[in-house]
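Chemist: The primary structure of each chain is shown beneath.
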Amino acid sequence: MTAFLETTVDKFTFRVDPACYYNGEGVWVRIDGGRATIGLADYVQQRSGDIAFAEVKPEGTILVLGDFFCSIETIKIDISLSSPVTGKITRVNPALQSTPEIINQDPFGKGWLCEVDLSDWEKDRTLLMSAEAYFAKMKKEAEDEAKPK
Amino acid sequence: MSDEHPKVVIIPCSGIGKSFGTVSRMAAFLVTERDLPEQTCLVPLALLVMGDEASRKIVAESKAIAIDGCKLACATKMVLQSGGQIEQSFAVLEAYRRHREFKPEGIAELNKGGEQLADALAREIDEVVGEVIKREGDSHA
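Line by line, the protein sequences give chains A and B. Numbering follows the numbering used here, with no gaps: position 106 of the first sequence is 106. Just so we're on the same page, the numbering used here is the position in the second sequence counted from 1, plus 1000.
There is no bait here: all hints are sound.
Partial list, computed: chain A residues near chain B (C-beta under 8 angstroms):
#1 D50
#2 A52
#3 I75
It should be emphasised that the hints constitute simulated quantities derived from the structure, not laboratory data. Where is the CB? At the ideal position from N, CA and C, for every residue including glycine.
Let's have the full structure, built from the sequences with the hints guiding it.
Modeler: Structure, rendered in structure tokens:
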């Protein structure tokens, strides 16, 4: 069982998977050899609300880090996500078609978005945040948002 | 079942501040005021939360259709907590997935998409109400 980094702000508890890297939008990357699994961080899914639709670029799409690769529509907002890696999409989570709320239910597990065959991970990694760095950024954002305006 | 009130009660989400909550309430108004006023009535969720005896009695003695604005499903939960029987729960999010062309926006005042979604949801609820009425009629025949 994963021991998440965790913080509670107001009545919300946000978790960060320590085994992942993160981009500034809260897209996580988990590396397994030359392949990456990509998903949406817990904080982003919680603040965005219930997900109505999630559409990932089709399998076979070549991505360069920073490319748009996924759109998510929630009951509150529409989000366009940028790829945290360079490579080719080899698999899109089939569950997103019928049950996109799986991202809300299990953002670091069954709610993954896609798998990518990496082509330049060593370079990509230098542009991503460690779990600890993302946790600090996310915590500050959550605390700032909770402050009375 | 008592004959003093309609056979089917509609309990929408009371969520204030979100489009999907507003859609749930508009759909409830359409069913109870426009489509099937003789067969249905609306019970505000707030009255159940406050423990209003008359509202709890109506819910406990009727078939209930809950319309939930979000995954917390407060309407469904309050019906059950009030001793009622859920005939069917509708989730606005699921309705939107079935009618993606009707994207709801606005809160105090829904946009056209929100109104169309409420209308589509109301018509789905009308069908369920019709089935309940028919079944009740058959069982009393």
